[in-house]
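Visitor: This is what each chain is made of:
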Amino acid sequence: MNRFSYARPDDLAEAVQASAAQAGNRVIAGGTNLIDLMKYNVERPAHLIDITRLPGLDRIEPTPNGGLRIGALVTNSTVAYDDRIAARYKLLASAILAGASPQLRNAATTGGNLLQRTRCYYFYDSATACNKREPGSGCPAIGGLNRIHAILGTSEHCIATHPSDMCVALAALAATVHVTGPTGDRAIPFADFHRLPGDRPDRDTTLEHGEIVTAVELPPESFTTHHTYLKLRDRLSYAFALVSVAAALDLDGDTVRTARIALGGVAHKPWRIPAAEDALSGQPATAESFARAAETLLSGAQGRGHNDFKIGLARQAILRALQQAAAGTPQSQTDKRIR
Amino acid sequence: MSTTIETHVGSPRRRVDGRLKVTGAARYAGEVAAPGLLHGYVVSGMIAKGRITAIDTAAAEAVPGVVKIFTHANRPNVPGGDADYQDMVAPPGQPFRPLFNDRILYSGQPVALVVAEDFGTARHAASLVNVRIEAEPHETDLDRLRESAYVPPEKREGIAPPPEPRGNADAAFAASPMRVQNEYRIASEHHNPMEPHASTVIWEGGGRITVHDKIQGVKNSHDYITAVFGLPPDDVRVISPFVGGAFGIGLRPQYQLFLAVMAALDLERSVRVELTREQMFTFGYRPGTINAVAVGANPDGKLQAIRHAAVAGTSSFEEYQEVVVNWSGLLYHCDNIALNYRIARLDTYTPADMRAPGAPLGVFAIESAIDELSYALKIDPLELRLNNYADTDENAGKPFSSRELRAACRQGAERFGWSKRQPEPRSMRAGRELVGWGMATGIWEAMMMPHSARATLTADGKLELACATADIGTGTYTILTQIAADSLGLRMEDVTTRLGDTSLPEAPVEGGSWTAASAGSAVHLACEKLRQTLFQHARGMNASPLANASFEHVQFRDGRIDLRTAPSEGVSIVDVLRAAGLDRIEEQETAAPNAETKAKFSQYTHSAVFAEVRVDEQLGVVRVTRIVDAVAAGKIINPKTARSQIIGGVVFGLGMALHEESMLDHKLGRFMNRNLAEYHVPANADVPEIDVIFVDEHDDKANPLGVKGLGEIGIVGTAAAIANAIFHATGKRVRSLPITIDKLIE
Ligand SMILES: Cc1cc2nc3c(=O)[nH]c(=O)nc-3n(C[C@H](O)[C@H](O)[C@H](O)COP(=O)(O)OP(=O)(O)OC[C@H]3O[C@@H](n4cnc5c(N)ncnc54)[C@H](O)[C@@H]3O)c2cc1C
Ligand code: SF4
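Each protein sequence line maps, in turn, to chains S and L.
So my numbering is basically just the index in the first sequence, starting at one, shifted up by 67.
So my numbering is basically just the index in the second sequence, starting at one, shifted up by 11.
Bear in mind the hints are in silico, worked out from the structure with no lab data behind them.
Where hints are given, some of them may not hold.
Unchecked claim - Covered stretches of chain L (in silico footprint by chain S; criterion: 3 or more residues with CB under 8 Å from a CB of chain S, positions within the stretch not fixed):
1. 124-135
2. 411-421
3. 504-515
4. 626-636
5. 662-676
Unchecked claim - Derived DSS-like pairs (lysine-lysine); straight-line CA-CA distance at most 27 Å:
6. L/LYS678 / S/LYS106
7. L/LYS230 / L/LYS166
8. S/LYS403 / L/LYS743
9. L/LYS651 / L/LYS712
10. L/LYS473 / L/LYS651
11. L/LYS230 / L/LYS609
12. L/LYS540 / L/LYS230
13. S/LYS106 / L/LYS79
14. L/LYS540 / L/LYS609
15. S/LYS403 / L/LYS313
16. L/LYS409 / L/LYS611
17. L/LYS431 / L/LYS313
18. S/LYS403 / L/LYS754
19. S/LYS106 / L/LYS60
Please read these numbers as outputs of a predicted model, since none were measured by experiment.
Backbone N, C-alpha and C define an ideal beta-carbon position, used for all residues, glycine too.
The shape of chain S in the complex, shown without the other chains (with noise of 0.2 Å):
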C-alpha cells in the first residue's frame, strides 16, 4: 500500500474537480474494493477523495414516471430492505443479498458495487503480467487458472469477468446510470455502462476520467411477479457467482409479453441479448422456448479450459431462472435448496 493523500469534500463539484485532477486519484465510497486493492497494491491512487459525506447522495427518491432513483451512497443493504424495493423490485433485492456478506453489505455503496473490479486471480497479483493492470503486458489467465472466467464477449486480451450481482438485476431491470463529471451530467443506460475488453481490458466502464457516479434509476417496470435470481457459485454463501441469471418476465397468461434475461460470472459486463429477449415475446413460457433463448444468450461461448464447464451450467442455470420466473417461484437467498 502507498501513501496516498486524502480529502473528504462536502460538494459535488469539488468532488468531480479533484477526481479529474490527476489520473491517479480515486474517490473512495464503502471502500470494500478499494482497500483491498490498495493493499495488494494493484490500486497506488495519489489522492484519496471521499466521497460518503457528499449531500444529497444517500436516499432513494421516487421519479416523476413512476420509477425509484436510488443515490450512489445508498448501501447495498438499505438497498435490499428498503420498503418500495423490497416490494416492488424483488429482483433487484433478491440479488444485492445473493452476495457477499452482511457487514460488507453494510458498507458497500451503489456506485461502488457499480464499480467493483475482477476478482481473476492474476488481476490482484502484482507480480504477474495482466492486461488490465498494465495494458499490453499479457494475460496469464488465458493458458493459466481460469476457472472463474469468462465465457461471453472475451478477447485475447482479457477474459475476466465482472463479478457484481447488483448489477445483474440492474442490467435485466433497463436501469440508468447517472454521473457528473468535468463537463457536466450524463444519463447512461446500464447496457452501456460497462464494457467488454476488446483491446482495452484496463477500461472496466464507459466512465470518464473524473465523472462520479451519483444515482442508478430504475425504471417503472419492475417485473414484480415474474423473476428471480438465480446464482451458482463454489460454496452456498459468500462467493462470487460462477453463473448467474437474473430472468424477469411479463405474463399473458402463459405466454410472454416481455421478458428479461441477464446472466453474471460469464462476461466482463453483465451480459444481456436483446434478440434473445425478442424472441420470447409471444412465445409460450415452456422449457422448448427458453432452450432457445439460452441457446440465443450463449451463442459463440468458448471455454478457456477449466471454465469450459460454464456454458453447460448457465445453459442449464437459463431454463431453470426462467422456470423459476414463470411459476412465481423466485429462488430465495436464504433457503439454499434450488427451486
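Chain S is fixed; fit chain L with the ligands onto it per the hints.
Guide: Chain L with the ligands alone, transformed into the frame defined by chain S:
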C-alpha cells in the same frame, strides 16, 4: 489412592477463557504493546526458483520513518549453523533459512524485511523495494513429477512409515472375483487460521528478549531462537498464552519469528512482524496427494487384497512426510496388503502438518474404494465394513488398547436412520433434489507425550496450574481446570490455569491430539502429589480428625479433606495450610507414556461418519443436510468442548470434501487464490446440523486418564462420507477433492 469425586470431569463446562476471548481481553502475539515498538513488513519474492541479482532499497530507505531494511546482503550474521535451524517438528532436510543467501527456493519466499516506526510506513516502503530475480526453470506440478517420486530414505521422527507388505497383494488382487481399482486425489490446502502469524519481540535490554509468538509450543520457538541466534537459554522467554487457531501451521517456528528476532537483536529495540493474509499462503500447506488404491474381494464381501500407494509433494529442501496409507492396513482385516508412500520434490515451501495430517487423505481413498466395492458387491457399505472389521492392529501385530469402532458404527447408524436407506444410487429423492446417504469410518492415533505440570495451592485455598503447553482454541485451559478442581475438591473458579510460557514447566508442542492425555496426565499427577502432601499436613494437625485415617479413607471435596465414611469429619484445606504455617504448597510432576503398554498395545481413536446430501443434479449444487459423527475416543472430560472439537473437525472435513483448494499456477509456480474470498472454506450456510455421539469407551491402557484426544478425529472420515453420499445420490463417483460444481455436471 483416595477417590476423586468427579464433579467437573465428564460434565459439560463452559470455557474458562471464553470471556477473555469474546471481550477481546485475550491478547494475541500480534497485539502485545511495547514502548517504542518497531514494525516489520515482509517483502515476498514472486519467482518459484532462481537467484536474486539485485535488491534496490534506495527508494524505500528514503521514506521517513524507515529504520532499516534487511536483505540477504546486509543481514546480521547469525551464529547458528545449518543444523541449528532444525526444530522439534522438522522433517529430514535443511529447514528454510530466511534471508540466508541469494537463492530463491519457492514463490512467496521472504526476500527483505522493512522495519519502520509504524506499520503503515513499513508497508508503504516495502512496496518500493525493487527485487530482481533471475528465474530458473521450476516444477510445481505433482503429476509431472510423479515418476520421480521416491520413498524417503530418512524417516521423519514420529511418522510411522508404511508397514511391511503382508501376504501377496498383487496376486490376491488379480485372483479376486470383485475388484475396484482407482485413483483418488485431494487438492493442496492451506490452514488459514483466523489469526495470522505474528511475532512481537520485546527488547528487555542487555541482550535479553521476550518473544510473543504465534506457536503451538513455546519451547519450539525458544529452542529455535537460542540455537539459531546463539543466545543463552535464560535470555529468551517465549510467551503464547492464546493462539487464534493454528491447525498445525503453528507447530514449527515460521519465518516471521526469525525476522522479528533478527531485527530486534540488531536494532536493540522491540520489533513486531505480522504477516498478511496473502503471506499466510507463503509457507506450509497440506500437500496435494494422489492415491492409487486397489481392493479385491470375494463375492461374499471378504476382502482379499488391499493395495494403496500414495504420492505427495515435498519441497526441494526438506522431505516432509505424513501418515497417508497406513490407515488402509488398520481399518480392515485383510491378509494381503501392500502399502506404499512416496514423495516428490516440488519448488514450493515444505508442506506442514494440517489437522490429522495424512489421515483424511488416505482415508478418503480407502473409504471411497470400499464404498465402490460395496456397490459392486451389492452389499450395504456399513455391513461390508463390519464384515471386514479388524479386531487387532494387523500393521503392528498388536491388540488395540481399546477399539469401539463397531459400537460407533452401530450407534451412528441408529441415530442416522441408516436402515431406511435405499441401496440403489439415485433412488432417493426429495422434490427436485436427489438425496444421498453415505458413510465412512475414521481413525487417528491416540498419543501421549512426556509432559510436566505444576500445581500450587496457596493459603487462600486457591490453586494455580502451570505448564508450557498451548491452548490453540481446543479447550485445554478448561479441561485442565476441571481435572485439578476434581482432584483437590475445589470449585473451578478457585483454579487458575497458566499456559504458553517457557518459564512454566516443560511441554511438547500442542499437536497430534495428545494434549488432553499428556497435559491432563501431568496435571493429574501433580495434583495427586499435592493431595498426598496436604493429607500428611492434615494428619499432623492438632487433634486432627484424620490423625488415624489412611489416604485411601479420605476424599477431597468442597475445599475440605474428609473421611469418606463420615464426610462431616475432616478439615478444610485452608486450615491445613494455616496450621502448617505454609503460604503455599507446590508440586511439579512429569507424566510420560508407559513404555510397556505402548509396546504391547496400539492406541487409536475411531469414528463412524454418516452424511446426507441433497444434490440438484442439473446445476451441480450439493447441500450437505445432515451429519452424524459417532466417535470412540476414550473418556470425554468435557462433553461441551469435546463436541465443539468434533464439530470443528467435521466442518474441516466438509471443506475438504466440497470447498478447499489452493490453486497452483504451474507456469508461475505459485498458489494463486491467496485470500479468503477466493480460497473457500465452508460458510455457515454450508454447515448442517452436526450430531455428535461419544461412544462409551473404557481405556485403562492409553494413559492414566483414559482419554484419547479429539482434535483431529472429526475431520478424518468426513470427506469420504460426503463423497460417498454424493455417489449414492447421483450415481456419479467423484474421485478428486474438492467436489465442485464443474466435477458434478461435466
Ligand atoms: C470478500 C468479499 C466478497 C464479496 N462478494 C461479493 C458477491 O458475492 N457479490 C457481489 O456483487 N459483490 C461482492 N463483493 C464486492 C462488493 O459488493 C463490493 O466490494 C462493493 O459493492 C464495493 O462498494 P464500495 O462502496 O465499498 O466501493 P469502494 O471500494 O469504495 O470503491 C470501489 C470502486 O468504485 C469507485 N467508486 C466508488 N463509488 C463511486 C462513485 N460514486 N462514482 C465513481 N466511482 C466510484 C472507487 O473509486 C473504486 O474504484 C465482495 C467483496 C468482498 C471483499
Ligand atoms: S483475464 Fe483480464 S484481469 Fe485476468 S489476467 Fe487476463 S487481463 Fe488480467
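Visitor: Would you mind marking each hint as holding or not holding in the structure?
Guide: Hint check:
no., hint, in the structure
1, 124-135, "holds (count 3)"
2, 411-421, "violated (count 0)"
3, 504-515, "violated (count 0)"
4, 626-636, "holds (count 6)"
5, 662-676, "holds (count 4)"
6, L/LYS678 / S/LYS106, "holds, 25 Å"
7, L/LYS230 / L/LYS166, "holds, 23 Å"
8, S/LYS403 / L/LYS743, "holds, 22 Å"
9, L/LYS651 / L/LYS712, "holds, 25 Å"
10, L/LYS473 / L/LYS651, "holds, 25 Å"
11, L/LYS230 / L/LYS609, "holds, 25 Å"
12, L/LYS540 / L/LYS230, "holds, 25 Å"
13, S/LYS106 / L/LYS79, "holds, 22 Å"
14, L/LYS540 / L/LYS609, "holds, 24 Å"
15, S/LYS403 / L/LYS313, "violated, 41 Å"
16, L/LYS409 / L/LYS611, "holds, 6 Å"
17, L/LYS431 / L/LYS313, "holds, 24 Å"
18, S/LYS403 / L/LYS754, "holds, 20 Å"
19, S/LYS106 / L/LYS60, "holds, 25 Å"
Of the hints listed earlier, those the structure fails to meet are numbers 2, 3, 15, in rising order.
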